[in-house]
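Participant: If you want the building blocks of each chain, they are given just below.
Number of protein chains: 2
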Amino acid sequence: MTLYMIGLGLYDEKDITVKGLETVKKCDYVYLEHYTSVLGVKVGKLEHFYRKKIIIADRDLVEKQADEIVLKAKTKNVAFLVVGDVFSATTHTDLVIRAKEEDVKVEVINNTSVMTAVGITGLELYKFGKTTSITFPESGFNPTTPYEVISKNKLHGLHTLCLLDIKMAESSKEDLMKGVKNPLPPKFMTVSEGINYLLEIENDKKQNVFTENTIIVGCARLGAPDQKIVSGTVKELLSIDFGKPLHCLIVTGNLHFIEEQALEYYRKR
Amino acid sequence: MTLYMIGLGLYDEKDITVKGLETVKKCDYVYLEHYTSVLGVKVGKLEHFYRKKIIIADRDLVEKQADEIVLKAKTKNVAFLVVGDVFSATTHTDLVIRAKEEDVKVEVINNTSVMTAVGITGLELYKFGKTTSITFPESGFNPTTPYEVISKNKLHGLHTLCLLDIKMAESSKEDLMKGVKNPLPPKFMTVSEGINYLLEIENDKKQNVFTENTIIVGCARLGAPDQKIVSGTVKELLSIDFGKPLHCLIVTGNLHFIEEQALEYYRKR
Numbered sequence: 001m002t003l004y005m006i007g008l009g010l011y012d013e014k015d016i017t018v019k020g021l022e023t024v025k026k027c028d029y030v031y032l033e034h035y036t037s038v039l040g041v042k043v044g045k046l047e048h049f050y051r052k053k054i055i056i057a058d059r060d061l062v063e064k065q066a067d068e069i070v071l072k073a074k075t076k077n078v079a080f081l082v083v084g085d086v087f088s089a090t091t092h093t094d095l096v097i098r099a100k101e102e103d104v105k106v107e108v109i110n111n112t113s114v115m116t117a118v119g120i121t122g123l124e125l126y127k128f129g130k131t132t133s134i135t136f137p138e139s140g141f142n143p144t145t146p147y148e149v150i151s152k153n154k155l156h157g158l159h160t161l162c163l164l165d166i167k168m169a170e171s172s173k174e175d176l177m178k179g180v181k182n183p184l185p186p187k188f189m190t191v192s193e194g195i196n197y198l199l200e201i202e203n204d205k206k207q208n209v210f211t212e213n214t215i216i217v218g219c220a221r222l223g224a225p226d227q228k229i230v231s232g233t234v235k236e237l238l239s240i241d242f243g244k245p246l247h248c249l250i251v252t253g254n255l256h257f258i259e260e261q262a263l264e265y266y267r268k269r
Numbered sequence: 001m002t003l004y005m006i007g008l009g010l011y012d013e014k015d016i017t018v019k020g021l022e023t024v025k026k027c028d029y030v031y032l033e034h035y036t037s038v039l040g041v042k043v044g045k046l047e048h049f050y051r052k053k054i055i056i057a058d059r060d061l062v063e064k065q066a067d068e069i070v071l072k073a074k075t076k077n078v079a080f081l082v083v084g085d086v087f088s089a090t091t092h093t094d095l096v097i098r099a100k101e102e103d104v105k106v107e108v109i110n111n112t113s114v115m116t117a118v119g120i121t122g123l124e125l126y127k128f129g130k131t132t133s134i135t136f137p138e139s140g141f142n143p144t145t146p147y148e149v150i151s152k153n154k155l156h157g158l159h160t161l162c163l164l165d166i167k168m169a170e171s172s173k174e175d176l177m178k179g180v181k182n183p184l185p186p187k188f189m190t191v192s193e194g195i196n197y198l199l200e201i202e203n204d205k206k207q208n209v210f211t212e213n214t215i216i217v218g219c220a221r222l223g224a225p226d227q228k229i230v231s232g233t234v235k236e237l238l239s240i241d242f243g244k245p246l247h248c249l250i251v252t253g254n255l256h257f258i259e260e261q262a263l264e265y266y267r268k269r
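Chains as they are written, first to last, in the working numbering: chain A, 1 to 269; chain B, 1 to 269.
Mixed in with the good hints there might be a few duds.
Remember, identical chains collapse to one label, so a pair may be satisfied in a single copy or spanning two.
Stated by the list, open to error - With a cut-off of at most 30 Å between alpha-carbon atoms, the simulated DSS-like pairs for lysine-lysine come out as follows:
no.	residue 1	residue 2
1	K205	K100
2	K45	K26
3	K244	K105
4	K127	K178
5	K206	K26
6	K152	K206
7	K181	K52
8	K100	K127
9	K25	K45
10	K45	K268
11	K206	K76
12	K26	K42
13	K228	K76
14	K127	K244
15	K105	K25
16	K53	K178
17	K100	K268
18	K206	K45
19	K244	K181
20	K206	K74
21	K100	K178
22	K64	K127
In case anyone wonders, no lab produced these hints; they're calculated from the structure.
Small disclaimer: the values here were computed from a predicted structure and weren't measured.
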């Protein structure tokens with residue numbers, strides 16, 4: 001049988017493709033990857049729409065029970081649902097490799113990802129450099145990677161998409177080390193938190209990469225009916241409440257006049 | 001009423017999202033952007049599946065009659081279908097800006113794009129730098145931009161996605177200058193043509209950016225049931241027939257071990 005890797009898109013149960021929906025309906029097991037991203041609707045809505053029971057796959061399950069998923073796909077049709085497009089996180093490539101090692105057929109049904117959905121801002125996709133992630137600092141460890149990525153992209157006039165951290169109901173490192181499962185409430189980094197993170201590094205490095213006057217675009221809930229997109233300077237956007245997750249942040253490089261014109265429509269007023 | 005910008009995904013009529021399909025069905029006019037990319041199936045298949053007449057929008061129509069499309073959307077529901085995700089080409093941002101200037105409501109329904117579908121190769125999306133395009137040389141003019149983009153990306157260890165040119169039934173420059181519409185047959189650049197283009201520049205510049213030993217990945221018909229993905233050196237891939245369009249080419253940067261492991265499955269043998 002087959003392991004179907006199916007992208008769900010960004011917002012609700014109807015963002016799946018027609019092909020994806022037909023495929024889920026014929027699967028015996030349906031897993032939902034539930035730790036690198038989340039939809040804007042509850043899992044029950046998907047279950048109702050597919051008329052299928054969904055097995056929530058947290059990081060622990062996918063990393064430890066990948067073999068079980070692959071094993072099931074030897075005799076049954078298994079759907080592995082991923083928010084956004086299928087290959088955003090390394091783990092899924094890993095799952096596919098394991099399936100191939102076991103001679104299990106893998107089929108991919110793609111969907112949109114935040115990486116191309118940001119095109120709605122009017123910034124041209126082929127003018128983006130490497131994507132970066134800003135993660136919640138852990139016990140005082142603030143990696144400066146995002147700042148360096150922005151700096152290199154800017155050097156070549158390129159925009160930078162900064163994905164903002166998601167912590168799904170995971171146990172703390174301390175609990176995990178004790179072997180205790182005690183999931184903390186989920187946490188989603190906001191645009192302002194992302195901005196403050198970068199400003200702190202700027203304050204330290206002073207390389208003029210991310211200052212109060214840098215032109216940025218904040219996005220929240222891309223693909224949802226209540227999506228919010230605001231462009232402006234760092235100073236202007238710092239105080240804006242973007243509301244519910246997920247948020248992301250774009251640091252602009254050189255702007256073409258059509259891009260400037262498009263960003264005008266999203267200006268903070 | 002509303003101008004709906006709807007992504008179609010990469011292969012056939014069922015790659016549209018459920019939301020996209022429901023929306024097309026309620027539209028009074030359905031345009032299909034038909035010059036920056038093409039699906040793997042004929043337009044008639046879409047018409048049959050949607051039960052709607054489709055207006056083919058070539059470059060000429062979109063650029064000259066954008067106002068007409070926007071005007072229609074003032075009183076009717078208009079769908080503007082785009083292969084892949086919605087905002088891959090500047091023209092569509094332009095269309096949205098015109099709609100906003102006329103106070104026409106715009107809604108976007110996203111879909112996958114080759115830019116994230118390449119994740120199936122096992123190369124990590126956040127390790128890609130700027131995307132580039134290799135275009136058919138026109139009257140001896142061979143821009144070296146793709147070579148320079150690859151060079152800069154490599155400098156930072158990043159992969160480069162090279163989109164390969166598509167010329168849809170367009171009139172020649174000579175005919176256009178004479179005001180004559182005389183569309184030439186469509187042309188799609190192949191992986192080997194892309195490789196040869198880059199080798200010629202390497203031969204001229206000799207900067208060791210794209211040599212016979214560079215590790216690349218050739219992809220054809222991503223998202224289609226007969227998609228073909230082969231990894232190997234430039235020398236190995238040069239003679240491979242990737243078959244029908246569309247093709248694209250990835251020049252790898254530094255490879256992580258999971259990426260190497262994934263590419264092994266696509267090795268030329």
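Participant: Taking the hints in turn, state whether each one holds.
Facilitator: Right, here's what the structure says about each hint:
no.: 1; hint: K205 - K100; verdict: neither (46 Å within a copy, 41 Å between copies)
no.: 2; hint: K45 - K26; verdict: both (18 Å within a copy, 24 Å between copies)
no.: 3; hint: K244 - K105; verdict: between (38 Å within a copy, 24 Å between copies)
no.: 4; hint: K127 - K178; verdict: neither (46 Å within a copy, 34 Å between copies)
no.: 5; hint: K206 - K26; verdict: neither (56 Å within a copy, 54 Å between copies)
no.: 6; hint: K152 - K206; verdict: both (15 Å within a copy, 24 Å between copies)
no.: 7; hint: K181 - K52; verdict: within (28 Å within a copy, 54 Å between copies)
no.: 8; hint: K100 - K127; verdict: between (35 Å within a copy, 23 Å between copies)
no.: 9; hint: K25 - K45; verdict: both (15 Å within a copy, 23 Å between copies)
no.: 10; hint: K45 - K268; verdict: neither (34 Å within a copy, 44 Å between copies)
no.: 11; hint: K206 - K76; verdict: neither (57 Å within a copy, 53 Å between copies)
no.: 12; hint: K26 - K42; verdict: both (22 Å within a copy, 27 Å between copies)
no.: 13; hint: K228 - K76; verdict: between (41 Å within a copy, 26 Å between copies)
no.: 14; hint: K127 - K244; verdict: both (28 Å within a copy, 29 Å between copies)
no.: 15; hint: K105 - K25; verdict: within (18 Å within a copy, 34 Å between copies)
no.: 16; hint: K53 - K178; verdict: neither (32 Å within a copy, 63 Å between copies)
no.: 17; hint: K100 - K268; verdict: between (49 Å within a copy, 17 Å between copies)
no.: 18; hint: K206 - K45; verdict: neither (48 Å within a copy, 57 Å between copies)
no.: 19; hint: K244 - K181; verdict: within (27 Å within a copy, 52 Å between copies)
no.: 20; hint: K206 - K74; verdict: neither (56 Å within a copy, 50 Å between copies)
no.: 21; hint: K100 - K178; verdict: neither (35 Å within a copy, 56 Å between copies)
no.: 22; hint: K64 - K127; verdict: between (38 Å within a copy, 25 Å between copies)
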